[in-house]
Amino acid sequence: MYILINLTLVLLYYMFKPLLLTQMLWCLWIYTFAAIMFMRSLHTHDRAVCFSRGRCHLLNFPLFPFAPHPQSQLGRPGPFCFEHSSLQSCQAQFKFSFSAHPFFNRRLSAENIMGSYFVRWILTLCMFCSVVTLLMCVSVSGEGCSLILKPSRVVVGFGEPVTVSCEAARPVRVLGWESAISASHTQQDLSIQWKVDSLIDWIEEPICYGVFFTAPRQCEEKLNLVLYKTPDRVSIRPVNHTGPMVEGKEYQLLCEVQNVAPVQYLTLRWYRGQSEVYNHTYSDLTSSSPVQVSSILVVTPTRAENGAQYRCVAELELGPEGPQPPPTVASEPLNASVYFPPTFLSPEPEVLELTLGVEISLNCTATGNPTPVYSWQSSHPTQERMEDEAVLTFSSLVPGTYICTASNALDKKSKQFIVKAKTKGV
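According to our numbering, the sequence shown is numbered sequentially starting from 969.
The reader is advised that the hints may include incorrect statements.
Computed list of lysine to aspartate or glutamate pairs in EDC-like fashion (alpha-carbon distance at most 20 Å, straight line) [to be verified]:
no.: 1; residue 1: Lys-1163; residue 2: Glu-1173
no.: 2; residue 1: Lys-1380; residue 2: Asp-1356
no.: 3; residue 1: Lys-1163; residue 2: Glu-1146
no.: 4; residue 1: Lys-1163; residue 2: Asp-1200
no.: 5; residue 1: Lys-1197; residue 2: Glu-1285
no.: 6; residue 1: Lys-1381; residue 2: Glu-1355
no.: 7; residue 1: Lys-1118; residue 2: Glu-1146
no.: 8; residue 1: Lys-1190; residue 2: Glu-1146
no.: 9; residue 1: Lys-1381; residue 2: Glu-1285
The set of hints was computed from the structure by calculation and includes no laboratory data.
Since this is a predicted model, take the numbers as computed values, not measurements.
Please model the complete structure; the sequences and the hints are all you need to start from.
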């Protein structure tokens, strides 16, 4: 029965070998029967089969499929039994019979002298057949496929033409391309092309297949196809903020990329001026069609970054088969305006001496954003009103203390100038 089932499955395979289901059923039968035979052989090791009318134990399993289990015959001894000695075989003439399943309604009879190695030979034969057919199943699964794709990896822009050749390294019965567009096959040539004038299908997965005269009789190679599209637009803007930034505070800048594919090859690079400050990849995403993605840069600006330009550049790194250098699309620059409080170039108090006939200058220059405004105060009540300038120049000045204040929207800072009359004789 095992051999009949095997032959049936083999016949089905050669009749319908393009059908994967037939291959799976055939291989599954081989795996299962091989495992069962091995387990059964462990149970029947060192036991002799005895065909006898005497009292004996029943064999653990029915050798013939569809035969009822011996214990189901209301206590009657079954046709197969054994003695517990593996060295002595039961040699007795016997006559046995059993009723098969009612569906078959058959009756068997035999007279023979059987040895203790009968079951072992049967199991060995079955295991040998199973190993052979198992190897055939492995060979059918596609290892050693004789198809060569030239090129094996293709990178093509959206809407551009593409041509790939599939070659068979041995005689082939049928060679073809399975594809949603431009599918084709040949029964004469050892080479066939897949050609598209304008590729716009994002889910296209071309497969070259071959049906051969010798094993493996059918195999296939999937083309590694990368269809890419550069972004429609790349933009950059602050998040939840408008206007200038303040020194020392934390801000977020958002870069948005619209309609780019495939996103797993995308790298977003952030630049401040000409220096790259951060990059973001999307290798964990798997979409092949265009998508919209974004990236956030966290910044804590300083006064040195006032007026700096931030840019976001989308770069598609498609490998050596792709365009070189990699295609890029950049955002418009974002000009950073950073507010910071006034700071004097020299904040320490200054002491100046008056010299007759020589002008004297009080320099209160401070840096700040917004630009600081200045105010002056004098300790001498008779001193005339002073202008609101960063630097004051006098031809005559009353000795005393002068205070300059520089202020903007963030803070105000003050600085002292101490003016002394020059001592005579010095």
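Results of checking the hints against the structure:
With a C-alpha separation of about 13 Å, the suggested pair Lys-1163 and Glu-1173 falls inside the 20 Å cut-off, and the hint holds. Simply put, Lys-1380 and Asp-1356 have alpha-carbon atoms about 14 Å apart, close enough for the 20 Å limit, and the pair holds. Restraint check for Lys-1163 and Glu-1146: the C-alpha separation of about 12 Å stays at or below 20 Å, so the hint holds. Restraint check: the Cα-Cα separation between Lys-1163 and Asp-1200 comes to about 27 Å, which exceeds 20 Å; the hinted pair is violated.
Taken as a hint, the Lys-1197 and Glu-1285 pair is honoured in the structure, with Cα atoms around 12 Å apart against an allowance of 20 Å. Distance hint between Lys-1381 and Glu-1355 is fulfilled; the C-alpha atoms sit about 18 Å from each other, no more than 20 Å. Taking the CA atoms of Lys-1118 and Glu-1146, the gap is near 16 Å; set against the 20 Å cutoff, the hint holds. Taking the CA atoms of Lys-1190 and Glu-1146, the gap is about 9 Å. The hint holds against a cut of 20 Å.
Proposed proximity of Lys-1381 and Glu-1285 is contradicted: the alpha carbons are some 52 Å apart, above 20 Å.
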